[in-house]
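Asks: Each chain is listed here by its residues.
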Amino acid sequence: MSEEQPGSEVGRFSKHKFIIMITVSIVIALGLTFISMVLYAWSGAAQVDLSRPGYQSVRKEAMSNEKYDGFSATGSIENKVLQEFEDMYGKQADQVLGIDAFAGDVLSDTTLKIDDPATTP
Amino acid sequence: MIRRFLTPLVLIAAAVFFIAPQVAAQSSVPMTNEHMERIKDNCQQANRTLRQLHASDALLRVNRGQLYDLLSTKLMARMNSRLALNRLDASNLVAVTANFDRTLGEFRTNYKVYEEQLSATIKIDCQEKPAQFYDAVRESRELRSKVHESVRKLTEYLMEYDRQFKDFRSRYSASKSGGES
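Going down the list, the protein sequences come from chains V and E.
Under the numbering used here, residues 1 to 121 are what the first sequence spells out, in order.
Under the numbering used here, residues 1 to 181 are what the second sequence spells out, in order.
If you're looking for bench data, these hints aren't it; they were derived computationally from the structure.
Bear in mind that the values here come from a model prediction, so they are computed numbers and not experimental data.
One or more of the hints may lead you astray.
Here are the simulated DSBU-like cross-link-like pairs (lysine-lysine), alpha carbons at most 35 Å apart as the crow flies [claimed, not checked]: (1) E:LYS40 with V:LYS60; (2) E:LYS74 with E:LYS129; (3) V:LYS91 with E:LYS153.
Far from chain E, some chain V residues (derived; all Cβ distances over 10 Å) [what the hints assert, rightly or not]: (4) GLY11; (5) LYS15; (6) ILE20; (7) SER25; (8) ILE28; (9) LEU32; (10) PHE34; (11) MET37; (12) GLY75; (13) LYS113; (14) ALA118.
Glycine residues also receive a C-beta, built at the ideal position from the N, C-alpha and C atoms.
Please model the entire structure based on the sequences and the hints provided.
Replies: Printed below as a string of structure tokens:
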């Protein structure tokens with residue numbers, strides 16, 4: 001009965017350690033890439049990423065991320081301060097209130113011309 | 001023994017993964033041949049419209065998201081904090097802000113689901129699968145209306161915050177002038 005030499009497996013390992021290291025590195029890199037892509041899709045970042053293909057036409061129209069200091073969270077409360085806040089709030093809110101976003105029938109059958117001819121007047 | 005069951009298991013798995021989606025892909029509403037022909041005739045134009053909508057909605061989402069975020073974090077939250085630090089009653093404003101933030105989360109989720117559906121719709125070959133395309137467009141339409149509903153609620157909360165703030169301001173001014181007299 002031949003006895004396995006304890007050093008033989010270690011010897012085999014040390015012979016191929018470079019290849020094993022490369023393989024493990026690639027597997028780890030692929031795994032981390034997969035996790036990143038899952039997080040990218042799951043977190044909703046994909047929906048706001050205008051660098052995606054298909055968004056070239058609208059990329060330049062995105063609001064620039066200019067620094068906006070906003071209202072100070074500390075300090076006293078006076079009529080002047082309340083007026084200042086009201087002006088700031090009104091200016092930003094007007095940009096939102098002016099347009100009814102995601103409204104309309106842009107996806108209606110009639111607009112896309114995929115309606116049933118039998119029901120179309 | 002395991003091999004005896006292997007073949008049936010593989011066949012069942014194949015049925016689940018390959019056949020079931022085909023069954024699900026058939027339109028839930030029976031379509032006439034004329035209807036399918038109309039979809040095929042206008043397929044390219046419809047697809048083009050969907051792609052344009054996909055891009056314009058993405059832009060709208062980004063711009064709106066930035067504005068909502070700014071209103072919430074740099075204005076509403078800061079005012080609430082400042083009022084609290086000055087020991088003034090801002091409970092109404094805080095409640096509206098909390099509702100706004102919760103609805104903002106719903107807006108983000110609803111848009112994500114809608115965008116995924118719209119992307120999937122655009123990928124469907126409407127020449128080969130007009131019924132599936134039609135169903136997918138209908139699903140996208142419903143999801144887009146949910147996004148619109150979130151936007152409508154956010155607008156209401158913004159107006160409510162404005163009303164509550166003006167109410168607070170008038171009470172504050174009255175108490176100040178009452179205190180000074």
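Asks: The structure should be examined with respect to each hint, and the outcome stated for every one.
Replies: How the hints compare with the structure:
1. E:LYS40 with V:LYS60: holds (34 Å)
2. E:LYS74 with E:LYS129: At roughly 48 Å apart (the allowed maximum being 35 Å), LYS129 (chain E) and LYS74 (chain E) break the hint.
3. V:LYS91 with E:LYS153: holds (20 Å)
4. GLY11: holds (35 Å)
5. LYS15: About 35 Å separates LYS15 (chain V) from the closest Cβ of chain E, which puts it past 10 Å; holds.
6. ILE20: holds (31 Å)
7. SER25: holds (32 Å)
8. ILE28: Holds, because the least Cβ-Cβ distance between ILE28 (chain V) and chain E comes to about 29 Å, which exceeds 10 Å.
9. LEU32: The claim holds: LEU32 (chain V) sits with its nearest Cβ about 23 Å from chain E, beyond 10 Å.
10. PHE34: holds (19 Å)
11. MET37: Holds: least Cβ distance 14 Å, greater than 10 Å.
12. GLY75: violated (6 Å)
13. LYS113: Violated, because the least Cβ-Cβ distance between LYS113 (chain V) and chain E comes to about 4 Å, which does not exceed 10 Å.
14. ALA118: Violated: least Cβ distance 6 Å, not greater than 10 Å.
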